[in-house]
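> Residues per chain, in single letters:
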Amino acid sequence: MSSSAPQAPADARWLARADLQSLIDALIGQGYEVIGPTIDQEAIVYDKIVSVDELPRGWTDEQEPGKYRLARRDDEAVFGYVVGPHSWKRFLFPPHATVATADRTPEGWKMGTPDDAAPKYAFLGVRACELAAIRVQDRTFLEGPYVDPIYAARRKQALLIAVNCTQAAATCFCTSMGTGPRCTSEYDLGLTELEDGFVVEIGSEAGQQIAAGLPLKAVAQAQLESAETARQQAIDQITRTLNTDGIRDLLLGNLEHPRWNNVAERCLSCTNCTMVCPTCFCSSVTEVADLQGEHVERQRQWDSCFNFDFSYMNGGILRNSIRSRYRQWLTHKLASWIDQFGTSGCVGCGRCITWCPVGIDLTEEVAAIREKQP
Amino acid sequence: MITTEALKQTLREIGFSADLPDAVLDELAAVSAMVDFPAGSTIFQEGADNHFLYIVRSGKVGLDMYVPTRGRIRILSIGPGDMLAWSALLGEGRMSATATALEDTCAVAASALKLREMCDTNHEVGYELMSRMAKALSQRLVATRLQLLDLFADTATHSRPRS
Amino acid sequence: MTAPSISPPAVNPWQAHTVKIRKLIREGLGVTTYYLALTEGAAMPSFKAGQFGMLYLPSVGESPIGICSDPGDHETWAFTVREAGNTTRGLAALAAGDTFGMRGPFGSCWPLEESRQSDIVIAAGGLGLPPLRPVIYEYLRRRKEFGRLTVLYGARTPDTLIYAHEYASWQQQGIDVQTTVDRASLGWTGNVGVVPLLLDRLATLDPQRTVVMTCGPEVMMNFVVRSALKRGVPVERIWVSMERNMQCAIGLCGHCQFGPEFICKDGPVFRYDRVAPWLSIEAF
Chain P
1122 MSSSAPQAPA DARWLARADL QSLIDALIGQ GYEVIGPTID QEAIVYDKIV
1172 SVDELPRGWT DEQEPGKYRL ARRDDEAVFG YVVGPHSWKR FLFPPHATVA
1222 TADRTPEGWK MGTPDDAAPK YAFLGVRACE LAAIRVQDRT FLEGPYVDPI
1272 YAARRKQALL IAVNCTQAAA TCFCTSMGTG PRCTSEYDLG LTELEDGFVV
1322 EIGSEAGQQI AAGLPLKAVA QAQLESAETA RQQAIDQITR TLNTDGIRDL
1372 LLGNLEHPRW NNVAERCLSC TNCTMVCPTC FCSSVTEVAD LQGEHVERQR
1422 QWDSCFNFDF SYMNGGILRN SIRSRYRQWL THKLASWIDQ FGTSGCVGCG
1472 RCITWCPVGI DLTEEVAAIR EKQP
Chain G
-8 MITTEALKQT LREIGFSADL PDAVLDELAA VSAMVDFPAG STIFQEGADN
42 HFLYIVRSGK VGLDMYVPTR GRIRILSIGP GDMLAWSALL GEGRMSATAT
92 ALEDTCAVAA SALKLREMCD TNHEVGYELM SRMAKALSQR LVATRLQLLD
142 LFADTATHSR PRS
Chain B
1483 MTAPSISPPA VNPWQAHTVK IRKLIREGLG VTTYYLALTE GAAMPSFKAG
1533 QFGMLYLPSV GESPIGICSD PGDHETWAFT VREAGNTTRG LAALAAGDTF
1583 GMRGPFGSCW PLEESRQSDI VIAAGGLGLP PLRPVIYEYL RRRKEFGRLT
1633 VLYGARTPDT LIYAHEYASW QQQGIDVQTT VDRASLGWTG NVGVVPLLLD
1683 RLATLDPQRT VVMTCGPEVM MNFVVRSALK RGVPVERIWV SMERNMQCAI
1733 GLCGHCQFGP EFICKDGPVF RYDRVAPWLS IEAF
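Chains as they are written, first to last, in our numbering: chain P, 1122 to 1495; chain G, -8 to 154; chain B, 1483 to 1766.
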């Protein structure tokens, strides 16, 4: 995407830096639980916040294959980082959730489903790739023949406050996947951070409702231009690419390519990539009974196709080698997903590259398969 | 007594020999006869000599092998179109299984000795016959392997300890 | 963004019915058929031949099992289950009158509508016959709509042939039932050998007019398909029923994927050519 003369988006305003807390307060006032970036265990993660002081002011992240470090910035930016090990999927598709219950009664087992009210989240700081990832998960959980009730209930009332990236990490490749770095789709409010404040774009009625309660001012042309320059910097900093031409047939047509053996020698099948990936959705269900065995909860939790017995069937494991499990993950993410949901499963966020302990880079794996066609 | 022409026509209809070239069918018919085995009768015994190759036209034949303390075990049943007693042609004539007609069975019986002579002297005929034997045996081998895989076994039989 | 068009589903797909065992038949050697009805006495949901249900034993787990009863019977569903893991072993300990949970029906069905005016060949092995039995019942009820039905069924040994008590009745009603075993036992006078051989030899096969439906171990199905193709059955008339690890049955847990296909919602019944590319890949 190239930069062009900035046009004032339909509804762009200005929020001074000092007034950022009012945004959080307005959200809380409207009954939202605000989830935003904060530092924990030397990483920028997403958690409940109530104050701007909890934001990672003046911090950035440095990412490489197999490496994630925080580093100090020389300014006070609160969104001056890229993406961390968390994604918003942990709130819409929680790592643990009760999906059904069973209670023993004199008349027999009584089956139920939980009807607890879903949390009302406001996500503060959603990157373009993350907006895309949420849309990808929407297709999985909401647009198939069966709708996931937990995802639907949370997603329905979630408010998305997007943040335009003003820098890119070395592991980013959103431009290759057509998902960023500009936030163009489906946010309620969109922020671009400048030195003394934020250009605020209103993207929906719900966003307008929040904006109405904020001390927003008219945005100046100079501010719009600075925002554009800042957003362009993110585009310019992207170095990694993934060639997606014909990728579906490339991968599904090369299921016995020698490269799979090669990557299998490096992959530990540790499941990190699937845990940090914002679109991975595999899960398992376990039974949790009380001591008397009278009340049983069916608990869904995140699983991973890299887990050894993920494909257990009839007394044996189908994908009983790292080679076959890595191949499953990559072909699903970049190829089968297209057949299943009409888009790629990958949004180019680079998390899997960063958080792989041995630094496997899927853009490199695809390039290797593409380059040497048997 | 069936005529050679009628025999040839029968061979044309049976799977094993159906697509043999005309000239080969002539040769084959010349050394063959139709035989009937009533239900329950023994066609040949395991271990005994038999110098006839059979091509089943109708009916059903059970093949058994004897295992001490286990008795006679049926390892295969064959039917129309299948070949029987290939060891007669390919081996020394010592049968590796007992063949019993499970139903009234009608087969073409070809003299293995005469067939062998024919193959030795006429390599064209030899090639046609042997390639059909090879194909039938390879199909038989694949089917046997499928039996060996024991696909319907209890999963416990094939479970492996988790590594 | 708040999306007013998103709604939680009207029926929660995790909601199980409570079912009661009306009767059970010990088919022998760890195999049992359970006849289930809803405890409230309401009619069972309707299902199509080939679909499956998730049998749920609270605190133990769920097991995907093909529904093996007559789709025209609205009172009960039947499931034939072999003891294999925790859930199925737990089920085996139950008796008539006991209750447990069930979700379903799920999945795709055998192409009965597309098979009208055609002959049908069912080629099944082992526990592959139960998901095809509804086809037999449906056929018996709607005879006039179909041509000939042939059932080719194989099991490990004679005493593991499932539904043996029904074969005579099916034969009497004009279905050609042929059975075979991998290993004969003393006194067995039937066929010995694998199911594909029965299809190789099927004299009454009219390939252009026949639909082949096969269910059983994947290797067996592959060879049945080879045999069908060799006999000239068009590839669009061959259907298989696939199996994979299933947990949610609603296409959301990821376990049952087979290439791009979710066995639970795109299958388990597939037209052969749709899954053919993946069948030849090991450990895929």
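These are computed hints drawn from the structure, not numbers from a lab.
Each hint should be verified, as a subset may be incorrect.
Keeping only pairs whose Cα atoms sit at most 27 angstroms apart, straight-line, the calculated DSS-like set for lysine-lysine is [what the hints assert, rightly or not]:
#1 K1747/B to K1712/B
#2 K1231/P to K1626/B
#3 K(-1)/G to K1712/B
#4 K1241/P to K1277/P
#5 K126/G to K(-1)/G
#6 K1626/B to K1530/B
#7 K(-1)/G to K105/G
#8 K1712/B to K1502/B
#9 K1530/B to K1502/B
#10 K1188/P to K1169/P
#11 K1169/P to K1231/P
#12 K126/G to K1712/B
#13 K1626/B to K1277/P
#14 K1231/P to K1712/B
#15 K1169/P to K1277/P
Residues of chain P placed beyond 12 angstroms of chain B at every Cβ, according to the derived structure [to be verified]:
#16 G1187
#17 R1193
#18 H1453
Sample of chain B residues with no beta-carbon within 12 angstroms of chain P, all distances over it, derived [stated by the list, open to error]:
#19 S1489
#20 T1521
#21 A1646
In this text, a Cβ means the ideal position worked out from N, Cα and C, and glycines have one as well.
> Now tell me if each hint is right for this structure.
Now the hints, each set against the structure:
For the proposed pair K1747/B and K1712/B, the alpha carbon gap of about 30 angstroms is over 27 angstroms, so the pair is violated. Restraint check for K1231/P and K1626/B: the C-alpha separation of about 43 angstroms exceeds 27 angstroms, so the hint is violated. Proposed proximity of K(-1)/G and K1712/B is supported: the alpha carbons are some 25 angstroms apart, at most 27 angstroms. As the CA atoms of K1241/P and K1277/P are separated by approximately 9 angstroms, the hinted pair is consistent with the 27 angstroms bound.
For the proposed pair K126/G and K(-1)/G, the alpha carbon gap of about 21 angstroms is at most 27 angstroms, so the pair holds. Between K1626/B and K1530/B, the direct Cα distance comes to roughly 19 angstroms. Compliance with the 27 angstroms bound is thereby established for this hinted pair. Taking the CA atoms of K(-1)/G and K105/G, the gap is about 17 angstroms. The hint holds against a cut of 27 angstroms. Pair hint K1712/B plus K1502/B does not hold up; C-alpha atoms about 46 angstroms apart against a cutoff of 27 angstroms.
Between K1530/B and K1502/B the alpha-carbon distance is near 21 angstroms, which keeps this suggested pair within the 27 angstroms criterion. With a CA separation close to 26 angstroms, the supplied pair K1188/P and K1169/P stays within the 27 angstroms bound. For the hint linking K1169/P to K1231/P, the alpha-carbon distance of about 36 angstroms lies beyond 27 angstroms, and the restraint is violated. Distance hint between K126/G and K1712/B is fulfilled; the C-alpha atoms sit about 14 angstroms from each other, no more than 27 angstroms.
Restraint check for K1626/B and K1277/P: not satisfied, since their Cα atoms lie roughly 51 angstroms apart, outside the 27 angstroms limit. For the suggested pair K1231/P and K1712/B, the alpha carbons sit about 52 angstroms apart, so the restraint of at most 27 angstroms is broken. About 19 angstroms separates the Cα atoms of K1169/P and K1277/P, which keeps this hinted pair within 27 angstroms; it holds. The beta carbon of G1187/P sits about 25 angstroms from the closest Cβ of chain B, which is more than 12 angstroms, so the claim that it is off the interface holds.
Every CB of chain B is more than 12 angstroms from the CB of R1193/P (nearest about 34 angstroms), matching its label as outside the interface. A beta-carbon of chain B is positioned within 12 angstroms of the beta-carbon of H1453/P; the least distance is around 7 angstroms. Its beta-carbon lying about 7 angstroms from the closest one in chain P, S1489/B breaks the requirement of being farther than 12 angstroms from that chain. With a least CB separation of 6 angstroms from chain P, T1521/B falls inside the 12 angstroms interface cut-off, contrary to its annotation.
Chain P leaves A1646/B outside its interface by the beta-carbon criterion, the shortest separation being 23 angstroms against a cut-off of 12 angstroms.
The structure shown violates the earlier hints numbered 1, 2, 8, 11, 13, 14, 18, 19, 20.
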